[in-house]
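Okay, here's what each chain looks like letter by letter:
There are 2 protein chains.
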Amino acid sequence: MVGDRRNRSSAEVVRLDMLVEIWSDVVCPWCYIGKRRFEKALGRFEHASEVEVRWRSFELDPRAPFRRSGDMASHLAAKYGLSLEQAQRQLKHMDSMAAGEGLDMALADTKPGNTFAAHRLIHLGYSKDPETGAAIKEALLHAYFVDRVAVSEPEELARVAASVGLDPAEVADLLAGDRFGEQVRSDEREAAELGATGVPFFVFDRSFAVPGAQDADTLLAILRRAWQRSHPTLEVISAPTAAVCDGDACEMPT
Amino acid sequence: MVGDRRNRSSAEVVRLDMLVEIWSDVVCPWCYIGKRRFEKALGRFEHASEVEVRWRSFELDPRAPFRRSGDMASHLAAKYGLSLEQAQRQLKHMDSMAAGEGLDMALADTKPGNTFAAHRLIHLGYSKDPETGAAIKEALLHAYFVDRVAVSEPEELARVAASVGLDPAEVADLLAGDRFGEQVRSDEREAAELGATGVPFFVFDRSFAVPGAQDADTLLAILRRAWQRSHPTLEVISAPTAAVCDGDACEMPT
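Chains as they are written, first to last, in this note's numbering: chain L, 1 to 254; chain U, 1001 to 1254.
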């Protein structure tokens, strides 16, 4: 009972029980794999209903062109000095890791590009409610990795946004301007301050930072550890000189 | 920066930095002494401006008559089998402890009685704002111990309430009925759940419970310990199998 802050003092009605923030990009395969692993861990966590998950913005490549020409394998091979076969093998291996989490990725067919507008859309979703923010995050990952659409294209973004119920006129207005751009940059500055150099990057109650897509068992163990830290059992600190009154009787300190 | 939750995520704007709850009665000398010691500790605490203090209800004697006849020394002597001199000596000793905290108490002259209505008034104060709640708590202690008025008397309670700006009509209405009675009982049930058998009883962030009027240095040390517990430095949990993407490059787990 003591650990349960919810139905207690005047103050804790405004306290959330646990906040998990996850920095990730919509074109980052480990982010999508990590998302599925985290969802598996959360599904097994006994306090799942008291956890708020917040997806935060991180562009893997803020200088990425609006849309890349050529396929993903050729781009990687050229950028990292790999043979086309090596690049394709890496992508295939990643596809198999994703398949292990139930994700039908075919990375060689993805259509990479700049994700700044996609992140601005995620912030638009959160400005409505947490559910819409989470829904558009998932919809964008699904569009990029499973439907293999170019999530840098305004018409594709508009379609994804409509699928989660965002207002088409508001979305068109956002895509034509720079709304929520500052919020994307703010997320990215925070990621740097917290020590993130890549994604996914999980932060539990600003108490534990977890880089990378760790397995579901590990993520569940960290959820429990973070919960214990933010919900300590009451520790009593007594002292012989601490005098109390009880009824009319007020003890004197010894 | 990491420990500062204030200017961070979507969630922490609703988080209070620290909550100190103090169960006490308005006719409890150690409570008033403990209040001064706590205020001294808080005045030296580097995060004082981020601390919310909430005074909670605890009746030392819920079955106390509306007003006791006779003086305090005779009452104590009769109840605890002391001689009148022994009772007076105890009261004098307590007066000198209070004087050490700058409080001009003369316990033999206090006018004890039932404090249920006084606690209901404190809840009325908090229903306005935290400052009014805190102000009426202090005003009631001052009235009882320093001005030596009977804080069970409706006219005295009305005077104290008016001195902190509560609306006289609303106060008269409260004193004529049972408004906020359930909140007093709820505070008292919580005190029992938290292990309080007497007062003052301090609870820091529902993390540390401190029975009795400990000295200011001890209370300051506990404030700092509780602050550290609720503001941990970020701990990074890495794993060799945790894969991240960084730019276009997605590492494979080792």
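Hints are computed from structural coordinates only; laboratory data are not their basis.
Keep in mind that the hints are not guaranteed to be accurate.
Said to hold, decoys possible - Some chain L residues judged to face chain U by a derived CB distance under 10 Å, without partners named:
#, residue
1, 24
2, 27
3, 34
4, 61
5, 65
6, 66
7, 194
8, 211
9, 227
10, 230
11, 249
By construction, the Cβ of each residue, glycine as well, lies at the ideal position given by its N, Cα and C atoms.
Original post:
Of the numbered hints stated previously, which ones are contradicted by the structure, given in increasing order?
Top reply: 5, 6, 9
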